[in-house]
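S.K.: Residue numbers (my numbering), protein chains in the order written: chain Z, 1 to 495; chain E, 1 to 324; chain B, 1 to 347.
If you're looking for bench data, these hints aren't it; they were derived computationally from the structure.
Positions of the beta carbon are idealized from the N, C-alpha and C atoms, including for glycine.
There may be inaccurate statements among the hints.
[Unchecked claim] Here are the in silico distance ranges between beta carbons for each label pair:
(1) Glu79(Z) - Leu26(E): 45 to 51 Å
(2) Thr47(B) - Asn247(E): 48 to 54 Å
(3) Ile184(E) - Gln87(Z): 37 to 43 Å
(4) Ala317(B) - Asn394(Z): 29 to 35 Å
(5) Thr124(Z) - Thr268(B): 38 to 44 Å
(6) Asn214(E) - Gln484(Z): 48 to 54 Å
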Amino acid sequence: MSKLVLSVKGITKDFPGVRALKGVDFDLNEGEIHALCGENGAGKSTLMHILAGVFKQDVGEILLNGEKVSIANQKNANELGISIVYQERSLVGSLNVAENIFAARQPVGAFSVIKWKKLYDDTTELLLKLGIHIDPKAIVDQFSPAMQQMIEIAKALSLNPQVLILDEPTATITEKEVGLLFSLLRKLKEQGTAIIYISHRLAEIFQIADRVTVFKDGEHIATEEVINIDNEWIVNKMVGRELYFNRVEKLSHDEIILECIGLNSSKFKDINFKVGKGEIVSFAGLAGAGRTEVMRGLFGADKVSSGEVFINGKKVRIRHVNDAIKNGIGYLPEDRKDHGLFLEMAVSTNIASASLKKLSKGMNIDNKLINKTSETYRKKLNIITPSIHQKVVNLSGGNQQKVVLAKWLVVNPKIMIVDEPTRGVDIGAKAEIYQILRELTKEGTSIIVVSSDLPEVLAISDRIYIMHNGEIKGELSGDEATEQLVMKYASGIMN
Amino acid sequence: MINKAEKKSSFLSFISTQRALALFILITIISLLFSFVFPTTFGTFSNFSIILLNMSSEIMIVIAITIVLIQGEIDLSLGSNMVLGAILCGRLMIVNDLPMIFAIIISLIVCMACGFINGLIVAKLNVVSFIGTLATGMIFLGFAVILSGTGWTDFPDKLFKALGQTKIMGIQMPVIYMIVALIIFAFLVSSTRYFRQYYYIGANQKAAKLSGINISKVKITTFVIAGCLAGIGGIITAMRFNTAIPNVGAGVELRAVTAAVIGGVSFAGGSGTVAGAAMGALFIAVLSNALTIAKLPPDLQPSITGVILITAIIIDIIVTKKNK
Amino acid sequence: MKILSKFSMKNEGNSKSGTNSKRDMLDYIAKNRWVIPLVFIMVYFITYSIVFPKVFLSSYNISSLLLEFSIPAIIVIGMALQLINGEIDLSVGFNVMFTNILAGTLIVLGVPMGWTIIIVLVVACVLGFIVGTLVSRIGVNSFIATLGMGLIYYGLTQFVYTSSYNISRNGIDIRHLPETFTKLSKGEFLGLQLPVYYAAVLLILFSILMAKSRYFKKYYYIGMNVEASRLSGISVKNMKTITFVLSSLFASVAGILIAARMGASAATYGTGWELKVITACVIGGVSMKGGRGTMGGAVLGMLFAICLTNALRIAYAPSNLYKIIEGSVLLGAVILDAQMSKRKVVG
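Could you put the whole structure together from the sequences, leaning on the hints where they help?
M.R.: Structure below.
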């Protein structure tokens, strides 16, 4: 029987406005690869952060090898034998492999002089053990993202952890390179390392994992041995909730306002879709499916290598953001803090940021008009803020999102792309945002929604395109779509 | 079969990643060429010792700025700090009759204190290092000028002058100090865990913190070391000329940055070596000397340096983009 | 007084207890940092009018103070714009030197004044455009790009100066330029020299533009967040290139005026001006991080620096005090700037 290495019991974690984990349990055996599955916001990241020492749980206990432990911080987690590999790279490109793996922990002699031979020997030994055949003296910069991922994993392993947590390890590597990763993981298994493999790529889970745990909405739903289940099982566990939004009445849309044919780039392939006037079309899929990339390409923010875009039947060339805006396209970015808002500027300044021409008197900014407009939208969208001169950074997530929304409402585009419109937004604000979107469509605006929130997609969409791995895998009408169906397309198990 | 494009890119890669070596090769080629064409004027021992001697006055600043740049910061107070060190040392010896050794020690302590102030401002008060050190530099220079009177010269301790002006086998002492300092710091920065921390901080401060590095402490210490180096540089210059006046070549820090960047130190932090920066400084020195001897208008040398600086950074950008 | 009433108007709804109003005052100053140099200047004017009325209030002193202020002030316009949009221009001082010598040389070679001015301005624009392209399209850091460009200017300056010196031996003297040209800078109107008026016009024009114009408002957005600006439809690359053209242009205007004033004899006049101008901007409230500050503030910062020199000179104070005082004020200003991000309201 496998030895139980890690046991997590009744973990609850709250953040302002949301309960991220609701009394979850999780356990991990020696030499096991245990996949942790769930949609965005299901709580997998939060649990992982708690184990890694970034957060502390509010309720519940963690047992390592049968003993209760308290993980004070990241360093403590490492000392306890828990190592994590995040999605973001932490490597220093200009240093070599050895110095990255043993970052700030190079073996030293007197006066902090590095023992190079020992460093390289230790590195070589580790790399051999892991079956990674690279030169420890090679500079990290020159390696592909996949190999850098391996180096990152080697770095985590150099601490000799009992538990290795991998957060979406294949997000940045191609399918070919996944093979490399898996042979490494199998080696680790043999050596007794326990691995938590966080991913929503179902195909991979069946290739590599021993057990699967599914989280949904902060709760532990089920745990099973992989040999006992199939794709459908996982999909069904991941979704299938009480939809708390009722289906909204659909308007008929005959006029095609936007048509994209054969869009291609390094991140997506052969994208074809249509949007009708006053229609809400959603792009569903899992993180990394390429939806944001398509929208950014359409908006002129990223390069599109080939393809055609037709607006109102006329072909348009969109090479820069300005072209898109002139042609009536607006875009609410996925990352509202870094891409959508000017955090240290006032609400009113933000609301004006994409419509300066409209809000001017001739060549000059009309501050009165900006203030008036901002006040109007503050009331209309119910933006909660002491004043429109408040710095946006002080507003809550939902209200920040409303500010970005207001910004684009002022522009009044024909086609509004909203990317993860309610991410990090509380329930009350969510409903308000949906209401605003619906009203826009009544006025004839078409909306493209990119969302990983299935209930949301099902509640508000007239039509749904589902993407997987950079391609559109399915198209469903709002009526015929179900969570399971969408998830199947999104997981790539249905064509 | 390596095609032409790959060959070209690996050449550029070489220049980018092995900057010290590439520059050294370039310097050797230029030196050999010019020695061949101008055997009596360029290719002489005395000419090379002059090149090295002139380099020695600002080399300490080059080393100091390199370690600061690797961390992703900059220090524009180094020139003032250097002058302050020299003047204080001179004043202590002449006005306060202090023995040379004490004057030097006290001056260096003051320089390190100045560096400490810089460190506090940047690490604890979160001030952008460019403008913070610009401000402190002004203050340090002001104090240096106040302390300088009409300048200090003719120091009582003859050993002081000897330390700066003696020649060993035709090489003047400051050159020897320069070589020693370069060897020490090239070693420290490339081979001690303590100094390697700078690279982690410069490349990714968040990740560095997660690796257990105490960012504030390291940053403050760096500014202190830089201040100390500046002070040493100032005192060596005072020894060499037997004079201490508040006449620092305005912009010595920017000249040092130029040498460092040509030598492969990234302005954004996280890469570059002391050896590279030294080669950068040597390259500029040799090229200037060679072009002067070749009767190229010496006035145009800064322009050539400027072109080289921009070329160097464009090469680095091209190589970085290729890697992506 | 006006300032106090401004301060109390911002105090909406807060309790007027002692500790709170001190915090509010710091709040106000942090938000409007141009107040600092303004206070200094006002104190200076009032004090010196009382203590040194004959020297300070003499028309000679006032006009020379304004003159000394006017030429660097023109450069402040370009630098403030650069800092606000998140870049820096270290070539400004060398640019001034170069355009100075270029203008002088052209005049001496017989090129008509009008053409000289046009040629110098065009050359400056072209070089500014090159640097702008390096920064905005190739991605070279503006610090390094302008540092490199500055060196190029420096070398060219020295070269032209030496060559023209050689030419001057053959009868053409670059140090004495025709009066039609020097009148540009030395001419007077109502007791003040002409550059004061040029500066006044440019400063007022650009202060208004920066505050009101839609085009210049965009630079604040760029300085705050480049990517968000791009995604809001602001043409970041083009606009950044233009800032380099403008800052080069302003520097060249200053260079021409200096040439006219001093007959191009001061080949090193202008060294270190970039740091001088940056200091003025930061003291006046322009943040090194970008997105914050006003042209008016930057101008006040420059005026403060000039007044400080003037003050020390009149009082026969040791001139080395200047560095210490200015350095301390700058330091205070940047520390305040760093703390400013903690303030909640933008106003």
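S.K.: Determine for every hint whether it applies to the structure shown.
M.R.: These are the hints, each one checked on the structure:
1. Glu79(Z) - Leu26(E): 45 to 51 Å: holds, 48 Å
2. Thr47(B) - Asn247(E): 48 to 54 Å: violated, 33 Å
3. Ile184(E) - Gln87(Z): 37 to 43 Å: holds, 41 Å
4. Ala317(B) - Asn394(Z): 29 to 35 Å: violated, 46 Å
5. Thr124(Z) - Thr268(B): 38 to 44 Å: violated, 58 Å
6. Asn214(E) - Gln484(Z): 48 to 54 Å: 51 Å Cβ-Cβ, so the 48 to 54 Å window holds.
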